Structures are given as structure tokens and as C-alpha cells.
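**Student:** Just so you know, the protein sequences line up as chains S and R, in that order. Each residue of the first sequence is one higher than the one before, counting from 1 in the numbering used here. Each residue of the second sequence is one higher than the one before, counting from 1 in the numbering used here.
One or more hints might be untrue.
Cβ-Cβ distance ranges computed for the label pairs, FRET-style [said to hold, decoys possible]: (1) G550(S) <-> L341(R): 27 to 33 Å; (2) I678(S) <-> S117(R): 34 to 40 Å; (3) T175(R) <-> S630(S): 52 to 58 Å; (4) P137(R) <-> Y815(S): 19 to 25 Å; (5) G782(S) <-> K229(R): 37 to 43 Å; (6) L696(S) <-> K69(R): 15 to 21 Å; (7) H542(S) <-> A130(R): 54 to 60 Å; (8) H542(S) <-> V116(R): 41 to 47 Å.
Below 25 Å or equal to it, Euclidean Cα-Cα: the simulated BS3-like pairs (lysine-lysine) are [unchecked claim]: (9) K834(S) <-> K106(R); (10) K182(S) <-> K251(S); (11) K479(S) <-> K422(S); (12) K728(S) <-> K287(R); (13) K229(R) <-> K834(S); (14) K750(S) <-> K80(S); (15) K355(R) <-> K69(R); (16) K317(R) <-> K834(S); (17) K385(R) <-> K834(S); (18) K773(S) <-> K276(R); (19) K120(R) <-> K773(S); (20) K769(S) <-> K355(R); (21) K728(S) <-> K106(R); (22) K355(R) <-> K834(S); (23) K120(R) <-> K614(S); (24) K287(R) <-> K834(S); (25) K106(R) <-> K219(R); (26) K496(S) <-> K549(S); (27) K496(S) <-> K188(R); (28) K276(R) <-> K330(R); (29) K728(S) <-> K330(R); (30) K681(S) <-> K490(S); (31) K228(R) <-> K834(S); (32) K276(R) <-> K614(S); (33) K317(R) <-> K120(R); (34) K626(S) <-> K547(S); (35) K287(R) <-> K496(S); (36) K57(R) <-> K228(R); (37) K834(S) <-> K270(R); (38) K355(R) <-> K385(R); (39) K552(S) <-> K148(R); (40) K317(R) <-> K773(S).
Derived by calculation from the structure, the hints in this document are not laboratory data. Keep in mind the model is a prediction, meaning the values are calculated, not measured. No residue lacks a Cβ here, since even glycine has one placed at the ideal position from N, Cα and C.
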Amino acid sequence: MRVFLVIILFLNVYWVSAQKDTKRITITFDNVTIEEALHQIEAITSFRFYYVRAWLDDVPLISGTYTDVLVTTIVEQLLKRSILNYYVLTEKEIVLTRNTIIYDKLPDHFFNRSKEVVKDSTIAINPLFYLGNETSKKKIIIKTYRIGKEVKKDRKEYYTLTGYVKYLRTGKPISNVALIVKGKNIGAETNAKGFYSIELPVGLNYIETSSLGVEDSRQRVIIYNDGQLDLYLSESLEALEEVLIKTNADKNVKEVTTGTEEIDVEESKNIPLVLGERDVLKVATTLPGITTSGEGASGYNVRGGKADQNLTLLDDGVIYNPQHFFGIFSALNPFAVGSVNIYKGSIPAEYGGRLSSVFNLKTKNGNTEKFSGEASIGPVTGNIAIEIPVIKNKSSLMIGGRGTYSDWILKSLDEEKLKNSKASFYDLIAKYHYKINDDNNIQATGYYSSDVFSVTSDSLFNYSNRLLSLKWNHRFNDKNSGSLLLTNSKYNFGIKYEGKSNNDFELGYDINETELKLKMNYLYSSKYKFNYGFSSKLYEVHPGSIKPKGAKSITESLAIPKERALESAVFVEGKFDISKKLSFNLGIRYSLYAVLGESEQRIYDNPKSESTIKETLSFDTNEVVKTYQSPEIRASGRYLLASDLSIKAGYNNSFQYIHTLTNNTTASPTDIWKVSDINIKPQQASLYSLGVFKNLKDDIYELSIEGYYKKIKNILDYKVGSQLLLNKTVETEVLQGLGKAYGVEFLIKKNKGKLNGWLGYTYSRSFTKLDSKFSEERVNGGDYFPSNFDKPHDISLVANYKFTKRFSFSTNFVYQTGRPVTFPVGSYILQREKYVLYSDRNEFRIPDYYRLDIGFNIEGNHKKKKKAHSFWSISVYNVLGRNNPFSVFFVTEEGEIKAYQSSVFSIPIPTITYNFKF
Amino acid sequence: MYVSQFINMRFRKKYQIFIAVVISCITQGCVESYDFETEKRESILVIEARLTNELKKHEILVSRSFQLKEEVPYDTDVPFAEANAVVKITDDQQNEFIFKETSPGKYISLIEFKAVSNRKYTLSITTSNANTYLSSPMVLTAEAQIDKMYFSRTTNDNGLDGIGVFIDSYNPEGTSVFYKYEYEETYKIVAQYWGRFDIVINRNAQGAPAGVSLVQKNKEEQECYITKKSNEIIIGNTNDLSEDRLVGVPIRFIERRHHSATYRYSILAKQYVQSKEAYTFYETLKKFSSVDGDLFSQIQPGFFEGNIFSENNPNEKVVGFFDVAAVSSKRIYFNYQDIFLGDSTSFYVIDCVTKEYLNVGADLYKAIERGDKLYSFNPLSGSYKMVVKGCGDCTVFGNNIAPDFWED
């Protein structure tokens, strides 16, 4: 069969010259066989592939996303791990070959020469039957170079190839270009002058080059003797992406920082969902060290930290409440999100202001070539994101929208209780990016989310996030680049109350922050890389205002005075590759925080209460009330024990100047953010971490164990029954104490194959200590007690199984120790009524949480020339119908104490969602 | 959009049901009973103490906490009483007011006295096991009068028709901010099947029943008065209001079909001006007593201290607040007919039915022996209509003597 094909091809090759591939496509492979991948390409291009099926059997499964990439480049990548080669026959035909490379032209006297070579095979060399035409002006994908004159006598096994690598456009040398000889474990790197020297085995070699900012190249070098070859490469931005894809596979092991997670946005579509919503942040909670307090609880607890200790960034702007609808949906359009990186250990020095983690979300760049989009329709929400090219290959606009239609469902119900309730939300996002030239590009992002709901007929809650982000990336030269960033974020909530009494009101809260940030990158060498810059952020908080509603209301208008603060920082961070094995990432951030007037600050005697106010200080506009400053160290190191085994350690310390005040054990949209002032000190955390990372079987399996120990100072807690909203002296309700958390995280991931997914287990503890001379400021006798989110055992399993290219099954299992609660331990009678006597704070636990979800995904058919690609997902959330208590609470009813548990989803919830791409 | 229409048509019904469940769970929380077990705990001291500016013998109750599943005995003044304690209040002028235990756990001052402004009062309790508990020194709060107390027809939160009692309070000096209200309601009930005569069994020499006699009643059993004290915590504050005025503080709601509103009703409301600390204590206590199943109003439960502490062991928990408060009170009356004009329906404490006995026999004797009351006798047919005791005798539920204050 093979021989036959080869013969046919030879016949064809003889008169057909290679076709130039100009077709660029965007495609995603999700653990497919190479054959499926080729079908996928066939489905969206006019290319047909020719091959013998048996050749494809040994090729590993393929995953990856290629955006706007040449088809040939994709094919090349696909075939990389195989012994297959390809040849672009015509505009529509690509032929795969095994071992054999099909050349564009037969050399002169081909048949004569080849005979000679075949005879002369005293050492194992590739048959040299072809002499490339170096002077050919024709642009072909792979150039073939013949080096040296073949010497019949004294043939060496290796010859030396030297030369310069230079920019095609400018002719300037390119340093740090890696030259790799494919399949032979030989490599070299260019020096500062672009010079390289490489030993090549005699005969045919494939030399690939790769470097940041330079287009990857591949050349066929047939070496007969020592010689010189200068390579001219073009600059490329796309190359950057490709390099990342290549290095991703062993990123787990090679990366220097600890506690970094990346969520594959595309992969997340296979994970079973509740109410049919794809949610990248929900996926995050299946990773070790990241938990939520339960269903219906907004916010995340990262490594024993509070929900307000996470910095959520969308295109570098802060989102204060990234969730909709009681935390059940994330407030981010899943189609608009391009990448999610979570730093829960070593936080890069450029980020600051939160203790536990950074969730760094980036939106997709719109397609610059053609109009495209994605949409989904679920039972409760509808999502759409469209990409509109503005200037071809230069700029594009991406617009996303999402909304819920739960409101009409509620209205159409007979149930009286639900008719009055209201729950609706939407979010909008727009991103414009414009590549001005190779050195400059700008992007602008706008985001808005809104939620309105009522839980009782007399009150209406609403909250919204607004974000604007402008970024200019500029490359000064090969070594220096930078970006300038301006962002503004606003979060507000309001409550409208209309009861029967004379106290109807409208209540409002908002926080607004504006940040200017400059980040510079300096590439000193391939071994030493730096980034540095500064940022400055102005906070403006309206901590609460209340207005009477209606003429009858005697509610007094009250506005807690505006709070202002400036948080600035300078940072510098370097990555030092001491040797191939040892790398360090060292960063320092110096933050300076200033509370600005106009303000009134109260000075208290201890304990803080309204009756111990000593004096009240007044400050004028922009007068500095109080400053806090501190250096923050971000250090991590990695030592490679083997190419697939590394050990990493990190130390991270950080300060947080802004805190949420919340009475509830879980975060809620009505939590208020308070900036530090004279009375409320910044929180401070130090994290020590150590991890071992191992990849197995060609990076198919990733294993890791990470341990951490965290100390927190000035963690915020509150007195029992404190009133936080609209409190003029809110500092009297706040307690600040110590926290500590530690844990070990195990993760095993399988990245490829029909069955893929991950299994994580975390053992972790989190404690708080609130001690004081004064009993009212002391909790549990001033000893450490488990924090509200102390969940020692946490197991997560996410698994996908692909039956065929169209059908896949996925499952998700979660087990967590029940979170600590304060339980009643007795009763007492006071004023003829029976009350519950409570235990020490968090002495008991609610029952353990576990949940199994399953999902079934059906891809639309892969018909050629199909306009839109569809995707159905059917999932059942909580298949076991486990009634996971969200909380347990106790009430006194008609003289009897009753215990209740509330849960959000106590029954299996089936969902069907339709997604389509066009 | 075809798809959504398809879903609408095809799955509308099913989805509505499932979404209803989900949404109701989200907004109301799927709340259900929960079984829990906690180990045995030692009981802690519970103190209920208030000193007011009324000249009277003041009362202090001392008890202990008990196990969650323990039944509360209703036949004592102070359940789980702490007896034989030494209870006294001292002021900063070395005056000492001794309290004497009149029944287990109930301590009454030996003399009548009242709190005076600008003095610091301290409560001291020494229990029989020689532990001493002291309160923080407290001063009398500023006085404020109940401006107006009134009733009007209204509906409650559950949409039931009824009568609401409200208070307006105003302190022109603006010195009082925190208020606690308590009430004592007294109402007339009329036995639904009151008969003029009692029925008694005639006995023969052997003591066996031998017919019945009707005798004139010797005590009032038709009209009685029931008095009940409030047990819910009613508090209000003028902290964020422009003046020290509360309007329409709901004190009591009486359902239209409740027996207390059927005839004449009287309510005495007391307004205590509280210190911030006392108000905070009761506010916290109230939070732990109200039913709040929705996800946003959970409060951090925990033990909260009042102002009474153990002298011997600073870590010992003590429940209770010693409150020194200025009080003002007002009483109002109303009749059912004042509110529901022309409505002559009446309701009783219990549901009553008569049972007719056509002749004197074992059945009738049995009924009389278990206390049933005679409603009527038909001399023509010789039949007796009997009712359960409470339906013919209101003293089962109330007092047959009108209280001293009662005005008809």
C-alpha cells in the first residue's frame, strides 16, 4: 500500500510544484486522535488529507487551540510527535507520508546520484537522494540546504555547522535563538551576535529554530561537511503563542513560581454545570486550595483565607463581586474569557493589595479576519459573544452579553410567595484591540454587570460592577517593552425598603477605584529577565447613605462621610536562571498607603466603643490622615532534579488595605468594603510554600504535592450581633486578630487521552485568634479557633471520557469536611421566653459536603462547509440528591427550639444547554 | 431563537416546576428540620434583673440553663431556679437593698425603693456554692413618655385581618435613644356554653349514683379575665432619626378570630428607656429568637455576655443583663364592636360542642364525674346538654374577678 502510494506521489511530484499555503484558521483540538483532528481541519477548510490509516495508530491524542494559524503550521504541529511528514500537493490536497519527505524538485541527475549513495552506506545515514536548490527564489515552507561537499573518503559521523541568525527585515543579529535538531537531541543557541555552532550528524537533519518574538522556522539541512549557514527569520507575534503552547506541557515542572493554576477555558465546557452555565471560576474551586463556603455562597476561600482576600482582575481591572445570583453564576461571560490564571502561592510582585490570591482573567482578542461568534441557550440564561473585525488583521471588536430570563418564569408561577420575588441579572462586555504596528498595540475593555433581586415583598436589593480598562503595549527594542494601564472599577449596591411603617428607605453603597500602572519588561538575557514598574490606586468609598422613601417616612437622611485613600507601590521582579536546573524568581514590592481627607477620625480608649471616644480629629481635603507602608517580598525558587521532576519553594508576604465587613459567615452582595484608617489596621500575611512536581509519560500525567504555612496579622472579625451598615463608628464593631493556616495539596492530572481530568486532595486548616483584655473583644477565651472556612479534607475529581469525536461524558465529584459552626448546647429562660445557649465559636461542624455531577456533551456533526458548529450539553447536578446543608441554624418557635438546615440544591438538577459557534 | 421556542413549547411545564424549586430554594433557602446531638454541658447562671424609677418592691429572677431537650416545667414561677442565693443591689452611696427569696429562684426586695438618677447601681449575687457574681455599675437612663397609644384595624405580615396596637413616643429633649417595650394584656372571656345551674349526682346510701340534681351556681363562671405578660422582645431606637420620636411602634397584633379580642380587651404597655449596652444585649437576644430562613440574615451565633460577671472565675459564662431603666406606661381598652362594627361573632379559648344526654344514666354520670358542665336541661324531653368543663366554666382559663384597674 505504502509503496504504491509513494510511487503515485513520485509520479505526481514530478510535475507538480509545491503550493503556497495562505489559509489561516482558528481551531481547537480537544483530546482527539490525529485522524479526528484532520477531519476537523477538513470540515472548516477546503483541504483534503491523504494518508494510510494504519500510520496514524501510534500517534498520541491531540489537544490545543490554534488561533489564526496557517493550516500547514497546524499540520506540522500535529505531526510533530509522529514519524509522519506532510506535503502540500495542491491548494486543496495535503499528503501525509511516513518517514519519507516529498521534495519539491528532483535534482539534476537524480537517478544517477541516488544509486551512488545507496551503494556507499558504510555508516548508518539517511539516504541522500536529493540535492536542494539553495538559490531558488521560490518561497517554500521548508527550505532545504545542502552544506559542504560530500567527501567520499574520511567520512566523519558529525560535521560542524556554524552561522548567524539574523532578522530578515533589518539584518540585525538575533540572540538567544534556540536551534534544535529534530529527533536527535542536539541543540544550540545563538550568542549576542547571533552566532551559533552546532554539530550535526552527517546527512539529513531538520533544524528548528525558536525564540520569543521570532517566527519559528524549520529547515532541512543535508550536511556533507563542515560549513556555514546563515538564517534569516522574521519577527512574529504569533510565534509567541506557539512557543507558549510548546512549553505548556511541562510548565508544571519547569515554572519557577509555586501555587500557580491555569484554567483551560475551552476545556471547562465539558465540566458538568448547574443550570447550564459554563463557569471558569467554578472550575477553579475543583483545584486544591480553592473552596467556597457552599452553594449559594459568593466568594472563594483560597488557602484558608477570607473571601475578601482575593484580587479578581479582568483585563487588569478589579471586579469586586464577580458573581451573579447568590454566587450561583459567575459574572463573566464564558465566551469572552480567554485565559484564567490563579496565583495562590507566589503572587507576582506587580500585584498587591490582597493577601490570598490573584485571579487574573483576560478576555479574548476578537477575530481580526472574519465575523464570528459563540452563543448558548440554557434554561435560565442566554449568552452571546461576537467578534467583529474592524481593520483586517489589525483590529477587532468583541462584544458579549448575557442575561437571565428567570424573571418571567417567576412571574408565570402560581405560587404566591414566588410571584413577588424577583431575580434578574445581566452582564455586558466589550473589548477593542488594535495592533498599530509590530511595536505598538492598544486595547480597551468595558464591563458592566447588574443584579436585582428581592427576597421579601417589601425590600429590593441590587448591585452592579462597572469596569473600564485601557492598555497600551509598547516595544522599545528587542530587550525592552512595557505597558501602560489605566483602569477604573466601581461596585455599588442598594436596598429599597417599603414596609407599612414610617421607616421606608433607600440605602446605597459604592466603592470606586482608579488605577494607573506602568509595567516594564527588560530582557537582560535569556537567563536574566526583569520586570519593574509602579502603580497607584485611588479609592473613593461612599460607605453608606440612607434616604427616606415617600413623604410619610421620617427616616433621617444619613450619609456616612466619604472615605478616600491612595494605595501606591513600586515593584521590581527578576527571573534568574542560574543554571539549567536552578532558577529563582525574586521580587519586591514596596507599598505605601495613605488615608486622605476630608475625614473625621475618632481616637478611642480601650476597649473601642462609643463611650470611650477620647477625641475626634478633623482632616481637610487631601490632607494625609494616616500612612502605612511596607516592603513585600515575593520569592520563589525551583530546582530541577530531572527534566520531569522539580522541587520548588516560595515565600510571599503581602498587605491588604481594604477589607469587607460582613456579619454573615458567607460573603453576600451587601458586604461593605472599608478602607483602612487610624482605627482599622491593614491585614498582613506571610506564606511559606514548598512543592514537588513531577510529570510522567511525556507530560501526559502531572503530579504535584505542595505544602504551605500562612500567618495572618490583623485579620478582621466582628462582635456578635454587630451592626456594620450605616454605622458611624463601625470601628467599634470590628475585632482584629491573628490567623494561621496550613495545608498540603495533592494533585494528579491527566492531560491527554480519551480519559482525562484531575484528582485533587487537600488537607488544610485555618484558625483565627481574637484576644483582648476586654471580654467583649475576646472570642473563645482568646485561643485559636477554627475559622468559618476551615475544611480539613477536600477531594475533587474532574474526569472526561471521550467516546467518539462527537460524544463525551464528564463527571465531577466533590467531598469536603463540613465547615465549622457554632451549635446550641443548652437553653435558658429570660423574660418568659426560652433561648438557646450557644457553644464556643465554631466548636462544631455541619455535616460533610459531597456532590456528584454528570454531564454528557454532544458536538454537532462535522459536516464540511457547515456555517455554524453546535454543541449540546446535558448535565445533572447533584445526581445523588445529597441534601448538602449550606448552614444549620436554630430558632425559638412557640417556646420550642428547633434546628433547621438550609440547602440550596438538595435535588438532582437536570439541565440542557445549546451552544453554537459561527 | 428557534431553540428557545422549542424549549419553551416542549419543556415549558417541566422546567417551570424545576425552576420553581430552584428559585424557591435560592430565595427562601430549602429549609428543613435538622437533627443534632451535642454532648451534655454544665449549666450556667441566668439572671433577670431590672431596677426602674418606680417606687416598688423590685424583683430579680435567678435560674440556670438546662439541656436543650429538657421539658420546661410550667407549674413554677422560675423554672430551673437557683435557690438560696444572696441577692442585693448596692449604690455608690453605700446604700444596700437586700432581696429575699419568696419562692425558689424569685427574689423580692425587702423594701420599696426606686432608682435615682446619677447614682451607680451594682447587682451582687452570691450563690449557695459561694460563687459571687457582680454586675457593672449602671446608672438610671433618661426619662421619656409614651406620647400616644392606639389601636387600629390592620393586617399582619401573613395577611391576616386583626387589630394592631401601636405606640408613638416622643422625647422633646432628645436624650433617650434606645427603647424596650413590654406589655401586659388583660381581656374578658365569656364561657361559650355557660349554664345557670350546676349538675350534681345524687347518691344513695351505698354511694351509687341515683339521679341528678340541678343546683344554683355559687361562683362566677361566665365572665373571666385573662392576664398575660409579653414574652417577645420589642425594641426600637431613634439613633438614625432626626428627632427622638418613634411613630407607630407595633406592640401587639391580635388576630380577628382570636378569643382575646372577642369582648373587651385592655393592654398596659411599658416603655423602658435603655442604655446602649442593654439595648445591644436585647437586640442580640432578639436576633437569636426570630425565624429567619433566608440566606442573607444569618447572624454569627455565639455566646454573648451581658454586664454580669463571675468574681471567682473570669472565664465563667453568665447570661443576663442588669438593667437600670426609666419607665413610662399607658393603658388602653377596646371592644371588638368598636373595630368590627356590627360583627357579632365571638370566639372562645377552645372549640366547644354540646352533647345531649336523653336520659339520666351511666353516660351522664360519667360525664359529670369527669367534670363536664351542664349547659341546658329540657324539662319537656328530660334531656341534658353537657359541655366539657372549659366551655361552661371560664375559670379554667382565667380569673373570675375583674382586676382592680378594669374599666367596663
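**Student:** Each of the hints needs a verdict: does it hold here or not?
**Tutor:** Evaluation of the provided hints:
A hinted range of 27 to 33 Å holds for the C-beta pair G550(S) and L341(R), which are about 30 Å apart. At roughly 35 Å, the beta carbons of I678(S) and S117(R) sit within the given window of 34 to 40 Å. Hint check: T175(R) to S630(S), Cβ distance near 46 Å, so the stated range 52 to 58 Å is violated. For P137(R) and Y815(S), the Cβ-Cβ distance of about 54 Å falls outside the hinted range of 19 to 25 Å, so the restraint is violated.
Distance hint check for G782(S) and K229(R): the Cβ-Cβ separation is about 39 Å, which falls inside the suggested range of 37 to 43 Å. Taken as a hint, the range 15 to 21 Å is violated for the pair L696(S) and K69(R), whose Cβ atoms sit roughly 56 Å apart. For H542(S) paired with A130(R), a C-beta distance near 56 Å keeps the hint of 54 to 60 Å intact. The hinted range of 41 to 47 Å is satisfied by H542(S) and V116(R), whose Cβ atoms lie roughly 45 Å apart.
With a CA separation close to 17 Å, the supplied pair K834(S) and K106(R) stays within the 25 Å bound. Straight-line distance between C-alpha atoms of K182(S) and K251(S) comes to about 21 Å, which keeps the hinted pair within the 25 Å bound. Simply put, K479(S) and K422(S) have alpha-carbon atoms about 56 Å apart, too far for the 25 Å limit, and the pair is violated. Taking the CA atoms of K728(S) and K287(R), the gap is about 21 Å. The hint holds against a cut of 25 Å.
For the hint linking K229(R) to K834(S), the alpha-carbon distance of about 14 Å falls within 25 Å, and the restraint holds. Distance check on the hinted pair: K750(S) and K80(S) sit about 20 Å apart at the alpha-carbon level, within 25 Å; holds. Distance restraint check for K355(R) and K69(R): the Cα-Cα separation of roughly 39 Å exceeds the 25 Å cut-off, and the hinted pair is therefore not satisfied. Between K317(R) and K834(S) the alpha-carbon distance is near 18 Å, which keeps this suggested pair within the 25 Å criterion.
A distance of roughly 42 Å separates the Cα atoms of K385(R) and K834(S); the hinted pair therefore is violated under the 25 Å criterion. Our distance criterion of 25 Å between C-alpha atoms is met by K773(S) and K276(R), whose separation comes to about 21 Å. Among the hinted pairs, K120(R) with K773(S) is consistent with the structure: their alpha-carbon atoms are about 23 Å apart, no more than 25 Å. With a C-alpha separation of about 69 Å, the suggested pair K769(S) and K355(R) falls outside the 25 Å cut-off, and the hint is violated.
A hinted pair counts as satisfied when its Cα atoms are at most 25 Å apart, and K728(S) with K106(R) does not qualify at roughly 41 Å. Under the criterion of a C-alpha separation no larger than 25 Å, the hint pairing K355(R) with K834(S) is inconsistent with the structure, at around 39 Å. In summary, the hint linking K120(R) to K614(S) is supported, as the alpha carbons are separated by about 22 Å, within the 25 Å threshold. A distance of roughly 13 Å separates the Cα atoms of K287(R) and K834(S); the hinted pair therefore holds under the 25 Å criterion.
For a cut-off of 25 Å, the pair hint linking K106(R) to K219(R) is broken: about 32 Å separates their Cα positions. Taking the CA atoms of K496(S) and K549(S), the gap is near 8 Å; set against the 25 Å cutoff, the hint holds. For a cut-off of 25 Å, the pair hint linking K496(S) to K188(R) is broken: about 42 Å separates their Cα positions. A distance of roughly 24 Å separates the Cα atoms of K276(R) and K330(R); the hinted pair therefore holds under the 25 Å criterion.
With a CA separation close to 34 Å, the supplied pair K728(S) and K330(R) exceeds the 25 Å bound. With a C-alpha separation of about 23 Å, the suggested pair K681(S) and K490(S) falls inside the 25 Å cut-off, and the hint holds. At most 25 Å may separate the alpha-carbon atoms for a hinted pair to count; K228(R) and K834(S) meet this at roughly 16 Å. With a CA separation close to 18 Å, the supplied pair K276(R) and K614(S) stays within the 25 Å bound.
The hinted pair formed by K317(R) and K120(R) meets the criterion: a straight-line CA distance of about 24 Å does not exceed 25 Å. Straight-line distance between C-alpha atoms of K626(S) and K547(S) comes to about 31 Å, which puts the hinted pair past the 25 Å bound. The straight-line distance between the Cα atoms of K287(R) and K496(S) is roughly 22 Å, inside the 25 Å bound, and the hint therefore holds. Proposed proximity of K57(R) and K228(R) is supported: the alpha carbons are some 20 Å apart, at most 25 Å.
Simply put, K834(S) and K270(R) have alpha-carbon atoms about 21 Å apart, close enough for the 25 Å limit, and the pair holds. Of the pairs offered as hints, the one joining K355(R) and K385(R) holds, with about 5 Å between alpha carbons and a cut-off of 25 Å not exceeded. Taking the CA atoms of K552(S) and K148(R), the gap is about 18 Å. The hint holds against a cut of 25 Å. Distance restraint check for K317(R) and K773(S): the Cα-Cα separation of roughly 16 Å lies within the 25 Å cut-off, and the hinted pair is therefore satisfied.
Comparing the model with each earlier hint shows violations of hints 3, 4, 6, 11, 15, 17, 20, 21, 22, 25, 27, 29, 34; every other hint is respected.
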